[in-house]
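2 protein chains.
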Amino acid sequence: MKKKLYLVTGNEHKYREFCAIVPFPIERLALDLPEIQSLDLEEVVRAKAAAAYTAVGKPVLVEDVSFEITAWHGLPGPFIKWFNQTLTPAGIARLMRSEADRSVAAREIIDLYDGTEHRLFYGEVTGRVAEEPRGESGFGFDTIFIPDGQERTYGEMSAEEKNTISHRAVALSKLKNYLKRVEEGEMR
Amino acid sequence: MKKKLYLVTGNEHKYREFCAIVPFPIERLALDLPEIQSLDLEEVVRAKAAAAYTAVGKPVLVEDVSFEITAWHGLPGPFIKWFNQTLTPAGIARLMRSEADRSVAAREIIDLYDGTEHRLFYGEVTGRVAEEPRGESGFGFDTIFIPDGQERTYGEMSAEEKNTISHRAVALSKLKNYLKRVEEGEMR
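Those protein sequence lines, which keep their order, are chains Z and A. When we follow my numbering, the leftmost residue of the first sequence carries the number 790, and every step to the right adds one. When we follow my numbering, the leftmost residue of the second sequence carries the number 790, and every step to the right adds one.
Worth flagging that the hints you see were computed from the coordinates, not collected in a lab. Bear in mind the structure is a predicted one, so any value in this text is a computation, not a measurement. Beta carbons: idealized from backbone N, C-alpha and C, even for Gly. Fair warning: there could be bad hints in the mix.
Ranges between beta-carbon positions, derived for each pair [stated by the list, open to error]:
no., chain 1, residue 1, chain 2, residue 2, range
1, Z, Gly924, A, Gly904, 43 to 53 Å
2, A, Glu920, Z, Gly846, 50 to 60 Å
3, A, Gln939, Z, His907, 45 to 55 Å
4, A, Glu920, Z, Lys963, 43 to 53 Å
Calculated from the model, a selection of chain A residues having no Cβ within reach of chain Z, i.e. all distances over 12 Å [said to hold, decoys possible]:
no., residue
5, Lys793
6, Lys803
7, Ile810
8, Val811
9, Ile815
10, Ala819
11, Leu820
12, Lys847
13, Arg883
14, Arg891
15, Glu925
16, Gly927
17, Gly938
18, Glu945
19, Lys965
20, Lys969
Quick look at which bits of chain A chain Z covers, simulated, 3 or more residues with Cβ under 8 Å [what the hints assert, rightly or not]:
no., stretch
21, 823 to 829
22, 855 to 864
23, 871 to 879
Just chain Z, with the same shape it has in the complex (with noise of 0.2 Å):
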């Protein structure tokens, strides 16, 4: 029997893509831990995972995402979800009008942590930022956000597409990976 899984987060969709994505039952846990400041998004997600796993009594699962703006040298990074609701991506775009360098990089990381040990599962998409936000699908800075190798915004895809392709679902198909050897490795 596989044992559940306990994703500790604020937001609604990210939940939502976790489900999507990882065939293993996953509850959420609904509680909007306090985040420390730092430019370094693994940093950020150990301290989240540490207060997670304080609140929680149990293994639990946390991620976070930071979006690099090369021009800017990394900001916002994993301030990302503040420039979001004050800039709003729309604003976001507008201050990049006068960048000749648009490029950025999504980046995921999830943590498993079990109180002892913490396993570390990241994914990374480069692409760049649209000129004024497009398309209708996702949240955060999915409208505003164009992969490599595309013509459109993740607010221009399906879920099902965003969700083959994306930040997330790089780290989460390698979460999903490790949890079938775990699974094999209890069966035997």
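Knowing the structure of chain Z, use the given hints to seat chain A on it.
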């Protein structure tokens, strides 16, 4: 006899400004505590004070600053430190080139926390973002901040002059008055 105050900060410049303004003995504890991600400066400062008290085990002084650009809906706010580190003040001024509204508020909150009660002291100075960095004094955003009623940036002022009018000076003068009242109370 005046009790010693412990200022917990990773920032040597801030310590010097505290000592220059408050005529009470202040010792610096150079811990660089993690700060929480929030656009609410008071929330950041309260959490920092709680973490500092836990680390130090005696009453602590902490402070934090916010740089709230109107055209950016309050960003960078308490994230100013990371903007300074990555974009640099010159980069902030460059991104502001396309903004008609250059107004900004520099806010300071000091928290004197004894493990039970938070005593908060506020300072705010409104002004505008300079078109490019000017001056050599100060630190952080000083070279791009022009207080209302002035033509010069903090960076073009002497330390004495900045320490008479700055957001930090406003908060520190309230702390100073509070400490005087406590001392007078103890003398009676």
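Status of the hints after comparison with the structure:
A C-beta distance of roughly 51 Å is found between Gly924 (chain Z) and Gly904 (chain A), which places it inside the suggested range of 43 to 53 Å. One distance hint, 50 to 60 Å for the beta-carbon pair Glu920 (chain A) and Gly846 (chain Z), holds here, with the actual separation near 54 Å. At roughly 50 Å, the beta-carbon separation of Gln939 (chain A) and His907 (chain Z) lies within the given 45 to 55 Å, and the hint holds. For the pair Glu920 (chain A) and Lys963 (chain Z), the beta carbons lie near 47 Å from each other, so the given range of 43 to 53 Å is met.
The claim that Lys793 (chain A) lies off the interface holds: its Cβ sits roughly 29 Å from the closest Cβ of chain Z, which is beyond the 12 Å cut-off. No Cβ of chain Z approaches the Cβ of Lys803 (chain A) within 12 Å, the least distance being about 16 Å, so the stated non-interface status holds. No beta-carbon of chain Z comes within 12 Å of the beta-carbon of Ile810 (chain A); the shortest separation is about 26 Å. Annotated as non-interface, Val811 (chain A) keeps its C-beta farther than 12 Å from every C-beta of chain Z; the closest such distance is 26 Å.
Distance check on Ile815 (chain A): its Cβ is at least 24 Å (rounded) from any Cβ of chain Z, clearing the 12 Å threshold; non-interface status holds. Every CB of chain Z lies more than 12 Å from the CB of Ala819 (chain A), the least distance being 18 Å, so the non-interface label holds. Distance to chain Z confirms Leu820 (chain A) as a non-interface residue, since its nearest Cβ pair spans about 14 Å, more than 12 Å. The claim that Lys847 (chain A) lies off the interface holds: its Cβ sits roughly 24 Å from the closest Cβ of chain Z, which is beyond the 12 Å cut-off.
Distance to chain Z contradicts Arg883 (chain A) as a non-interface residue, since its nearest Cβ pair spans about 8 Å, not more than 12 Å. At roughly 14 Å, the least C-beta separation between Arg891 (chain A) and chain Z is larger than 12 Å, which holds for a residue marked as non-interface. Distance to chain Z confirms Glu925 (chain A) as a non-interface residue, since its nearest Cβ pair spans about 23 Å, more than 12 Å. For Gly927 (chain A), the requirement that its beta carbon stay farther than 12 Å from each beta carbon of chain Z is met, with the minimum near 22 Å.
Non-interface status of Gly938 (chain A) relative to chain Z is upheld: no Cβ of that chain comes within 12 Å, the nearest being about 28 Å off. Against the 12 Å criterion, Glu945 (chain A) stays outside the reach of chain Z, whose nearest CB is about 26 Å from its own CB. Annotated as non-interface, Lys965 (chain A) keeps its C-beta farther than 12 Å from every C-beta of chain Z; the closest such distance is 29 Å. In this structure Lys969 (chain A) is separated from chain Z by more than 12 Å, as the shortest Cβ-Cβ distance comes to about 34 Å.
Counting residues of the stretch 823 to 829 of chain A whose CB lies closer than 8 Å to any CB of chain Z gives 6, which reaches the minimum of 3, so the coverage claim holds. Only when three residues or more bring their CB closer than 8 Å to a CB of chain Z does the claim for the stretch 855 to 864 of chain A stand; here the count is 4, and the claim holds. As drawn, the stretch 871 to 879 of chain A meets chain Z at 5 residues by the rule of a beta-carbon pair under 8 Å; at three or more, the given contact holds.
Of the numbered hints listed earlier, the single one contradicted by the structure is hint 13.
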